[in-house]
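Novice: Residue numbers (the numbering used here), protein chains in the order written: chain A, 542 to 858; chain B, 542 to 858.
Rather than coming from a laboratory, the hints here were simulated on the basis of the structure. Do not take every clue at face value.
Any copy will do: because identical chains look the same in the list, a pair fits if it lies in one copy or spans two.
Said to hold, decoys possible - Below, computed lysine-lysine pairings styled on DSS-like, alpha-carbon distance capped at 27 angstroms:
hint: 1; residue 1: Lys827; residue 2: Lys838
hint: 2; residue 1: Lys715; residue 2: Lys604
hint: 3; residue 1: Lys711; residue 2: Lys639
hint: 4; residue 1: Lys786; residue 2: Lys724
hint: 5; residue 1: Lys672; residue 2: Lys708
hint: 6; residue 1: Lys715; residue 2: Lys672
hint: 7; residue 1: Lys740; residue 2: Lys546
hint: 8; residue 1: Lys639; residue 2: Lys819
hint: 9; residue 1: Lys790; residue 2: Lys756
hint: 10; residue 1: Lys546; residue 2: Lys720
There are 2 protein chains.
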Amino acid sequence: MATIKVPPIVPSPAEDCEQLRKAFQGWGTNELLIIAILAHRTAAQRRAIRTAYAQTYGEELLKSLDDEISGDFERAVVLWTMDPEERDAQLANEAVRKWSQSNLLVLLEIGCTRRSEDLYQVRRAYHERYKLSLEEDVAAHTSGDFRKLLVPLVSAYRYEGLEVDQKLAKSEAKLLHEKITEKAYGNDELIRIITTRSKAQLTATFNQYHNEFRKPINKNLKSDHQNEFLAALRAVIRCITCPEKYFAKVIRNAIDGLGTDENALTRVITTRADVDLKVIEEAYYKRTSVRLGHAIKGDTSGDYKDILIALLGHDDV
Amino acid sequence: MATIKVPPIVPSPAEDCEQLRKAFQGWGTNELLIIAILAHRTAAQRRAIRTAYAQTYGEELLKSLDDEISGDFERAVVLWTMDPEERDAQLANEAVRKWSQSNLLVLLEIGCTRRSEDLYQVRRAYHERYKLSLEEDVAAHTSGDFRKLLVPLVSAYRYEGLEVDQKLAKSEAKLLHEKITEKAYGNDELIRIITTRSKAQLTATFNQYHNEFRKPINKNLKSDHQNEFLAALRAVIRCITCPEKYFAKVIRNAIDGLGTDENALTRVITTRADVDLKVIEEAYYKRTSVRLGHAIKGDTSGDYKDILIALLGHDDV
C-alpha cells in the first residue's frame, strides 16, 4: 500500500508546471510549493508534468530542480520525480560504480524486491541511459561469490505464479541445509536455488527448512565474525520472504546511531512511497514501538524532512 | 532478410480459416492447401488466423493441425505457425528436458541470435506456458561450466547499441587470450566477457584478438580431442559474430552424412524464414557451392520437403 496522498481534484500538468516555474523564480526558491505539487502526484502524473515542462520551457524539469535546490532535499525530490525504472537504473549505476557493503544492498534490493516485469524495465532504462547492460556493469565491477550472486539477481525474470512444488521444496531445503552446514555459502546449487526459483517456491522451501531443521534459514546464515557475503545472503532471503521487514530494517539502520544515513533513508522512502511504504511503516512500528513519521522528524530537518513526511502522507494537503 | 513470399492480396483471416477447415475435412487432409496458406503468411497474419480459428471453431488451430497431420511435416507446420517467442520457448523447453550436445546448441542459439527484446519475450512466453522461468529450468538441468555459460546466455539482455570501447576491447582481448592459453575455458572472466558484453563490443574484442595474437579466437578454441564445452564456446562466438554462417553450418550438419537431422533442419528453417534465411542461404551456397533449395530437395521428401521449400520462398504461390 502506497502512502502518498493525491488531491481529489488534480491540476492539469500545464497548471502544475506553471506553479513549479513560479516556485523556481524570483528571490529564493519556494520549496514548500515544490513539495506541495510533486510529493502529491502519482508516477504517471509526474511523468506528464515532466513532459509538459520540457515542452513549455525547453528544459528538463530534473535540470531545473538541480539548479534550484540542493543537498539531501534535492536528491529526494529528484529521485522521487523520476520514473521508477529510471530511478532504479540510476541507483543501481551509482551502487555499481562505488563498491561498498551498503551499495551492494542496493543491487540486491533492486534485484529481489521489484516485480519481474519492473526489473526488466529497469534493465531497459539502464541501456538507454548508460549504453551498457546492467548485468554487464555488475559483472565487470564484482568478482567471486558476490558476482555469482549479484549477476543472476539483477538478470532474473522470476516466475510470479503461486504454484508450489512441495517435493521440490523438500529436496531443495535439504540441499540448502547441507551446504550451509558445510559452510559452503558460495556453492553453485545454493546460489542457483536462491537466484532462480520463484518467490512462492522459495517461501515454501524456507518454511520446509524451518520445519525440518528447527531453525529459520537466516539464523543458520549467521556467523560469529562479520561476514559480508553471509549478510548479503540474509538480505536476499529477507527481501524475498518479507520485503517490508527488510525495508523497515534499512530505515532503522539509517536512523539509529550517530548521524543519519540520508542516502539509504531517501532511497527507501522514494522507491516505496507509491508501492508499499504503508506496510513498511507498520513493520517499523511493530519492531520499534515508534511511529516512522516521528522517527524521521526527530532525525532530519528542513525541506528534506518536509518532503519525506509528505511522501509518508503525513502532511496536510 | 526473410525468404517467405506473401501474396500481394492476402485473404482475410476468416477466409484463411475456412480454407484450412476445408483442408482438414473429408477423406484425407489437403496438405498442399495447408502449405499454400500458412507458409505464405507473416507472423502477425498467422496469429490473426489462429485467433479467428479458435473463435470460429472453438478449437485451437495447433490442435487441429496436430490431429490432421503428423511426423516431420507436422512439426514443421506447427512450429512455423506458432508465434516466434512461443516457438522459441517450446524449443528451449524441449532442449532443457533432454540434455545432449545438439540440444545444448538450441539454448545457445536462442540466447545468442535473438534480439534482446525478443529474448525477453521468449522468457515471458516460457513463464506462461511452463509456469517456471527459462533460467530456472536451464540452471536446474545443467551443472559446472555449462551452467556457468548457459544461464547468463538465456538471461541476457545485451545492450544493442553500436558504441565500441576500443581500450576495453584491447584489454579484454588480452584477458581472453591469457585464459585460452592457460586452457582455463571455464574461467569466470572469460565467461563474463562472452555472456555480458554487447555484440558490437565483442566483435571489436575478437578483431583485436585476431590482430594482436594473429589467429582468430575460434581457431584457438580448437582442441585435438573432442571437447563439448569448447564446441559450445565456438558456437557462441559464431552466433554472435556471424549468425548466418553459424546457421548455414547447422543446416550443413543436418543434411550431410547418412540420414537427415530433421529436427535441426526444421528448427533453422522455421525460426529464420521470416528473419534472415535469405542471408543464410547465401552463406550456405558460398560454403558448399550447392543451392540450399537443391540440397533440401535432395535430402527430404513429400509434404515435409514441400513446406521447407515453401518457407524458402522457392515454390510458386
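Novice: Next, verify each hint and record whether it holds.
Specialist: Hint check results:
1. In this homomeric assembly, Lys827 and Lys838 come within 27 angstroms of each other (Cα to Cα) only inside a single copy, at 18 angstroms, whereas the closest approach across copies is 74 angstroms.
2. Taking the closest pair of Cα atoms, Lys715 and Lys604 never come within 27 angstroms of each other, the shortest separation being 53 angstroms inside a single copy and 41 angstroms across copies.
3. Taking identical chains as interchangeable, the C-alpha atoms of Lys711 and Lys639 lie at most 27 angstroms apart only when they sit on different chains, with a minimum of 24 angstroms there against 39 angstroms within one chain.
4. Taking the shortest Cα distances, Lys786 and Lys724 sit within 27 angstroms of each other inside one copy (26 angstroms), while across copies they are farther apart (47 angstroms).
5. When the C-alpha separation of Lys672 and Lys708 is checked against a cutoff of 27 angstroms, the pair qualifies only between copies, where the shortest distance is 16 angstroms, while the shortest distance within a copy is 43 angstroms.
6. In this homomeric assembly, Lys715 and Lys672 come within 27 angstroms of each other (Cα to Cα) only across copies, at 23 angstroms, whereas the closest approach inside a single copy is 42 angstroms.
7. Taking CA atoms no more than 27 angstroms apart as the test, Lys740 paired with Lys546 passes in neither setting, with 30 angstroms inside one copy and 46 angstroms between copies.
8. For the homomeric pair Lys639 and Lys819, neither the shortest alpha-carbon distance inside one copy (31 angstroms) nor that between copies (47 angstroms) is at most 27 angstroms.
9. Taking the closest pair of Cα atoms, Lys790 and Lys756 come within 27 angstroms of each other only inside a single copy of the chain (21 angstroms); across copies the shortest separation is 55 angstroms, beyond that limit.
10. For the homomeric pair Lys546 and Lys720, neither the shortest alpha-carbon distance inside one copy (47 angstroms) nor that between copies (57 angstroms) is at most 27 angstroms.
Hints 2, 7, 8 and 10 from the list above are not met by this structure, while the remaining hints are.
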